[in-house]
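Engineer: As you go down the protein sequences, you meet chains A and G in turn.
Throughout the first sequence, residue numbering follows numbering that gives the first Met the number 0, covering 0 to 82 in sequence.
Throughout the second sequence, residue numbering follows numbering that gives the first Met the number 0, covering 0 to 567 in sequence.
In short, the hints are calculated from the structure, not lab data.
Beta carbons are placed, not taken as given, at the ideal position from N, Cα and C, and that holds for glycine.
Accuracy of the hints is not assured; some may be wrong.
Claimed, not checked - Here are some chain A residues pointing at chain G (derived, C-beta under 10 Å):
#1 LEU32
#2 ILE46
#3 GLU77
#4 THR80
Unchecked claim - Simulated restraints, written as ranges between beta carbons of each label pair:
#5 ASN123(G) - LEU50(A): 53 to 61 Å
#6 THR18(A) - ALA214(G): 39 to 47 Å
#7 LEU50(A) - ARG220(G): 48 to 56 Å
#8 LEU50(A) - ALA70(G): 33 to 41 Å
#9 THR16(A) - VAL440(G): 23 to 31 Å
#10 ARG101(G) - PHE51(A): 38 to 46 Å
#11 GLU77(A) - VAL211(G): 32 to 40 Å
#12 ILE20(A) - TRP437(G): 31 to 39 Å
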Amino acid sequence: MSENMQLTLGQMSAGQTGTIIRILGGRGLNQRLEALGIRPGKKVTKISTMLFHGPVTLRTDHTQVAVGFGMAKKILVEIDTSA
Amino acid sequence: MKILLMGNPNVGKSVLFSRLTGTRTIASNYPGTTVGFTKGSLRLGQEQAEIIDVPGTYTLEPTSKAEEVAAEMLKEGDLIIDVVDATNLERNLNLTLQLLERPVPVIVALNMWDDTRHRGININVAGLQERLGVPVVPTVGVTGQGIRELVSRLSEAAAPQMTYSTSDERWAKIGDIVSQVQSLTHRHHTWREVLEDASSHPAGGAAIALVVLIATFFIIRFIGEGIINYITDPLFHWLWTPLLMKLSLALGSGGFWHDILVGKLINGQIDYFQSLGLLSTGLYIEFGVVIPYIVAFYFILGILEDIGYLPRLAVLMDTLLHRLGLHGYAIIPTILGFGCNVPAIMATRMLESRRERFIAATLISIAVPCAALQAMIVGLVGQQGIQYVAIVYGSLFVSWIIIGLILNRVVKGFSPEIIMEIPPYRFPPWRVIGDKLWLRVSSFIKEALPIVLGAVVVVNILYMLNVFNYIANIAAPVINGLLGLPKETVVALAVGFLRKDVAMGMLAPLGLTAKQLVISSTLLAMSFPCVATFAILARELGIRDMLKATGIMIVSALIVGCLLNLIL
């Protein structure tokens with residue numbers, strides 16, 4: 000399998016889909032994201048970013064979640080290239 | 000017996016609660032509608048069980064104040080109804096599995112069952128029940144489907160007490176369960192999803208927000224004025240005035256009881272704004288001016304809440320609100336404040352840090368006028384011209400921004416980033432919206448009317464005792480010198496402590512110029528909150544921070560008043 004591109008959720012562009020590899024943060028952040036179903040291994044699609052580094056909206060399963068840009072920079076995603 | 004209704008935020012616990020108990024509670028389509036807890040009771044055969052609507056929580060390891068309440072209450076329950084959003088099985092099961100580790104019996108209500116079909120989700124209920132080891136009942140809160148079965152199977156609730164050593168292990172188990180009981184069928188994007196995506200995009204979101212704002216403004220005016228012109232005004236003029244005039248005659252057209260009940264006659268006639276009687280001005284302010292707009296406001300708010308628009312607005316406003324030391328979610332309490340500041344300040348509990356709660360509550364009490372006050376501003380200031388109403392709102396908005404910017408620099412502590420679930424757009428039945436509107440309007444009448452009538456009586460007595468002259472003379476230098484208002488306006492400002500709408504009514508007989516009306520209504524909006532808001536500020540922030548907030552209010556009200564006096 001070829002090396003896939005890894006981006007943070009903040010760097011991804013709207014519409015891109017990938018699999019979360021790691022949350023680059025402490026236990027607190029991990030817990031809060033996990034509670035909303037955002038954790039390593041999950042498929043996520045980035046829906047949008049608001050202007051001026053506003054919140055990032057993403058979709059995982061049937062849920063949409065908005066996270067602040069700072070958190071989005073800590074969510075590392077391996078991008079799907081097949082699609 | 001104590002039954003706890005638990006589940007993730009925004010899965011329909013409050014709707015189920017209303018169904019189970021027959022008690023009406025406020026439910027909306029955004030996480031965090033229930034911040035305190037509501038109790039009700041349910042008949043189970045011979046026994047009377049207590050049902051508690053617990054604030055929503057994603058996990059039993061709490062991350063916000065509302066979640067702490069939930070985790071705390073778990074200790075008291077004898078039985079848990081775990082409400083699960085069937086369209087979000089995986090994430091919801093995380094809490095379910097945490098609950099199943101406890102020694103308390105659990106029954107699962109698989110709610111929003113009707114939504115699974117058009118989302119292409121199939122769940123094998125029997126399979127889920129077998130794997131969880133507790134009863135699972137599909138329910139639809141808004142229609143009541145499945146409620147009877149849920150109640151009849153409460154006795155089957157079980158406590159399997161399966162424990163997992165790590166959360167990864169728990170997630171692995173959840174993954175197992177979901178892959179075995181749930182199958183997805185692919186289907187095309189519905190127009191609802193297209194709309195959902197559009198409102199998440201910066202440009203689309205801003206455009207939709209603008210349309211919503213303008214539409215809200217016109218619909219509220221249309222409904223409010225419609226009720227006044229076609230229902231309440233005709234009723235007052237054709238029915239109530241003749242009755243009052245008869246009463247006035249019977250009481251001899253003057254004297255103590257006449258002035259308290261009917262008020263002063265102006266040119267031999269009752270003037271609903273100026274007579275200041277219990278049965279004239281008192282009733283008219285509430286039913287003739289305020290309630291039509293309360294109905295209009297809560298109707299629109301109810302629709303926006305239930306559709307699920309507000310969380311999207313929160314995301315859109317997040318960047319701006321960060322400058323004010325808040326994050327996007329704070330827009331929800333702020334909007335509630337345009338109805339009444341009391342529930343708005345309670346709703347600030349959903350904000351994570353103490354600093355945010357202080358800033359949000361202070362800004363709401365200063366710059367967000369409640370619906371009762373707004374109705375009076377539109378009614379009184381609007382007579383002088385709509386541009387003056389615009390000046391009042393403009394001053395409040397600019398103050399909101401400036402005070403927020405300052406508080407963000409001055410107040411210690413940190414404001415965390417937004418993290419919130421964006422619910423799907425839903426279209427609730429009209430009956431649900433109607434019920435909620437009725438609940439809010441009737442509780443407004445119950446809570447506000449006695450205070451309004453009491454305030455009118457107090458004002459009359461204080462007038463007779465000449466107390467107001469005394470206060471007015473003391474306050475004259477500030478009121479007259481700095482703010483350019485006649486000294487009698489201080490009476491209105493003092494009454495504003497009881498009720499803002501009555502206070503605005505007190506300005507009517509003073510014959511103020513347009514400029515003076517603008518200044519005094521802006522002052523009324525910004526200075527002391529009413530007594531109910533005071534009480535809630537003290538409860539939510541503590542006495543010290545409440546006093547701090549009050550200081551900020553008085554100072555900013557005086558500064559804005561002086562500036563308006565200089566500029567206009």
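Engineer: Taking the earlier hints as the rules, which of them does this structure contradict?
Structural biologist: 3, 4, 5, 7, 9, 12
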